[in-house]
Amino acid sequence: KQEVTQIPAALSVPEGENLVLNCSFTDSAIYNLQWFRQDPGKGLTSLLLIQSSQREQTSGRLNASLDKSSGRSTLYIAASQPGDSATYLCAVNARGTDKLIFGTGTRLQVFP
Amino acid sequence: NAGVTQTPKFRILKIGQSMTLQCTQDMNHNYMYWYRQDPGMGLKLIYYSVGAGITDKGEVPNGYNVSRSTTEDFPLRLELAAPSQTSVYFCASSEVGGGYNSPLHFGNGTRLTVT
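If you read the protein sequences in the order shown, they are chains A and B. Here the first sequence stands for residues 110 to 221, numbered as in the working numbering. Here the second sequence stands for residues 482 to 596, numbered as in the working numbering.
Under 10 Å between C-beta atoms, here's a sample of chain B residues computed to sit facing chain A:
#  : residue
1  : Tyr512
2  : Tyr514
3  : Gln518
4  : Gly521
5  : Leu526
6  : Tyr529
7  : Cys572
8  : Ser583
9  : Pro584
10 : Phe587
Simulated DEER-style distance windows between Cβ atoms:
#  : chain 1 : residue 1 : chain 2 : residue 2 : range
11 : A       : Val122    : B       : Gly532    : 42 to 52 Å
12 : B       : Gly497    : A       : Arg181    : 43 to 53 Å
13 : B       : Gly532    : A       : Lys110    : 20 to 30 Å
14 : B       : Ile496    : A       : Thr135    : 34 to 44 Å
15 : A       : Glu126    : B       : Met522    : 19 to 29 Å
16 : A       : Glu126    : B       : Arg558    : 38 to 48 Å
17 : A       : Val122    : B       : Ile493    : 36 to 46 Å
18 : B       : Gly532    : A       : Arg181    : 32 to 42 Å
19 : A       : Ser194    : B       : Ala483    : 22 to 32 Å
If you're looking for bench data, these hints aren't it; they were derived computationally from the structure. Ideal placement from N, C-alpha and C gives every residue a C-beta, glycine not left out.
Given only the sequences and the hints, what does the whole structure look like? Please build it.
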């Protein structure tokens, strides 16, 4: 059974720091891995989708990497800003299904 | 540019009552999903649909029912509300299924309390 874990559960950093959020999964048979952002009281917004054949994806200050063989993904946020404060969730799309399995998220706070 | 719209935003139910959570999308997406999110937990899939007239169970379907009579709408029905169904419910849609690497679009959620 596919399980997705995110460490740390919470992170607080000063503005301007570069930071890394971690996601691990137990079964490497995936179609893709997605990173989402969730603001309090809101739904999830898709940030990046990495296909199983890809190593990384970039969008602005965000860079997500995927190492399928080791079951790991990282989300790198460069030059963090207070506006980056949110919960970040990763999810894997298990091969052979249309279902996303979510991690429990990392709650990020960036203070001025 | 509505995307995925969920109603209501908040609801309080008494044990044993019934209700329907509404979800509609205007992106002509084939795939639609219902998730629940409990505090400190990830999202759990309740039901999903790959097109009008087709639905299937997710990880936690007990106590819920769905229907998909049109491409746009995917309502979630709670028949006999129980305290364990207190949660935030999210509807999502995607153009195609997982194998085609289509990102999910989420609604803003319905916060349900059963007392």
